[in-house]
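J.: Sequence:
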Amino acid sequence: MAYPNVIKEGGRKKDSYLCEWVNREENVHLLRKYYAFIKLDHNDIIKELQKLKVSYITYMDTEYPVLLKEIYQFPLLLFYRGNIKLINNMHHLAVVGARDSTSYTQQSLEFLLSNDKSKYLTIVSGLAQGADAMAHQIALKYNLPTIAVLAFGHQTHYPKSTLALRNKIEEIGLVISEYPPHTPIAKYRFPERNRIISGLSKGVLITEAKEQSGSHITIDFALEQNRNVYVLPGSMFNPMTKGNLLRIQEGAKVVLNANDIFEDYYI
52 MAYPNVIKEG GRKKDSYLCE WVNREENVHL LRKYYAFIKL DHNDIIKELQ
102 KLKVSYITYM DTEYPVLLKE IYQFPLLLFY RGNIKLINNM HHLAVVGARD
152 STSYTQQSLE FLLSNDKSKY LTIVSGLAQG ADAMAHQIAL KYNLPTIAVL
202 AFGHQTHYPK STLALRNKIE EIGLVISEYP PHTPIAKYRF PERNRIISGL
252 SKGVLITEAK EQSGSHITID FALEQNRNVY VLPGSMFNPM TKGNLLRIQE
302 GAKVVLNAND IFEDYYI
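Residue numbers 52 to 318, in our numbering, belong to the letters of the sequence shown in order.
Hints are not guaranteed to be accurate.
Unchecked claim - Taking lysine-lysine and the DSSO-like style, the derived pairs with C-alpha atoms no more than 30 Å apart in a straight line are: (1) K261 / K104; (2) K293 / K211; (3) K261 / K102; (4) K102 / K120; (5) K136 / K104; (6) K136 / K120; (7) K136 / K168; (8) K211 / K104; (9) K120 / K219; (10) K261 / K238; (11) K170 / K304; (12) K192 / K104; (13) K293 / K238; (14) K168 / K219; (15) K293 / K304; (16) K104 / K120; (17) K304 / K168; (18) K98 / K211; (19) K136 / K98; (20) K238 / K219; (21) K238 / K211; (22) K104 / K170; (23) K170 / K192; (24) K102 / K170; (25) K170 / K98; (26) K219 / K136.
In short, the hints are calculated from the structure, not lab data. This one's a predicted model, so the numbers in the text were calculated from it and none came from an experiment.
Could you put together the complete structure from these sequences and hints?
T.: Here's what the structure looks like:
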C-alpha cells in the first residue's frame with residue numbers, strides 16, 4: 052500500500068487537513084480501517100474526537116514513533132489517550148504470551164521487571180487477559196511506563212476483565228489504536244494490532260506460548276521487522292511452553308536474567 056500525505060505540514064491547520072483528506076473520494080480505498088470515521092460529516096470529525104477525549108497523531112508528526120515508521124504498512128494515524136511522550140522511548144520491550152498464562156509468567160515478569168535497570172524500559176502489550184495484563188500490571192507496580200495497543204477503537208473494550216487496568220493506563224501510561232474510536236471488535240483486527248506491538252518495540256519477549264499460540268503471530272511480525280526475540284526457558288513436558296522451545300530452536304534468545312535483555316538495549 053502506498054502512503055499518501057495524510058496531513059500536510061500546516062501547524063494549526065492540522066485538523067482541517069485531516070478532515071479534508073479522509074473525505075476525498077480518491078483516498079477511500081486506502082482507508083478500510085477508517086470507514087466508520089469517514090461516515091462523520093466533514094466538520095464533525097474533530098468535534099467527535101474532542102467529545103470522546105481521544106487525540107491523534109499522524110505519521111508526519113514529530114511525535115510519531117521512529118521504529119514504527121520502519122514497518123510494512125505502518126499506521127497512517129494513531130489515536131490515543133494518555134501520555135503521548137511515552138511513544139518514542141527507544142527502549143520499548145513488548146511482552147506477549149498465553150491468555151491462560153500461569154504463575155510462571157507472573158513470577159518471571161516480577162523477577163525481570165523488578166530489576167533496577169528496568170526503569171529505563173517501556174513495556175508494550177495488548178491488554179488481553181493473561182500475559183498481557185500481567186505485563187501491564189507489573190510495569191505499573193514498579194512504576195515503569197507502559198503502552199497498551201488496542202485492536203479496536205477507544206469507545207470499545209475487550210475483555211471486560213482488563214477494563215479497570217486500561218483506565219489506569221490511560222491515566223499514567225498510554226493507550227493507542229490505529230482504529231477510529233467507534234471501531235468494533237473483529238477477529239482479523241487482533242493480528243493487525245500485533246504488528247504494531249512488535250513495530251513499536253526494540254524487542255519482543257515470549258513468556259509462555261503453546262505450539263499453536265497466537266503469540267507466534269507477533270513473533271513472526273517481529274522477525275519480519277528485524278526486532279530482537281526473547282524467550283523464557285520452558286519444559287519439554289509442559290505444553291504451555293512448547294512454543295517457547297520451538298522458537299529457541301529457531302534462534303530466539305533465551306532469557307535467564309534481566310541482563311540478557313539489557314545488554315541488547317545498551318542499558
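J.: Which numbered hints turn out to be false for this structure?
T.: 1, 3, 24, 25
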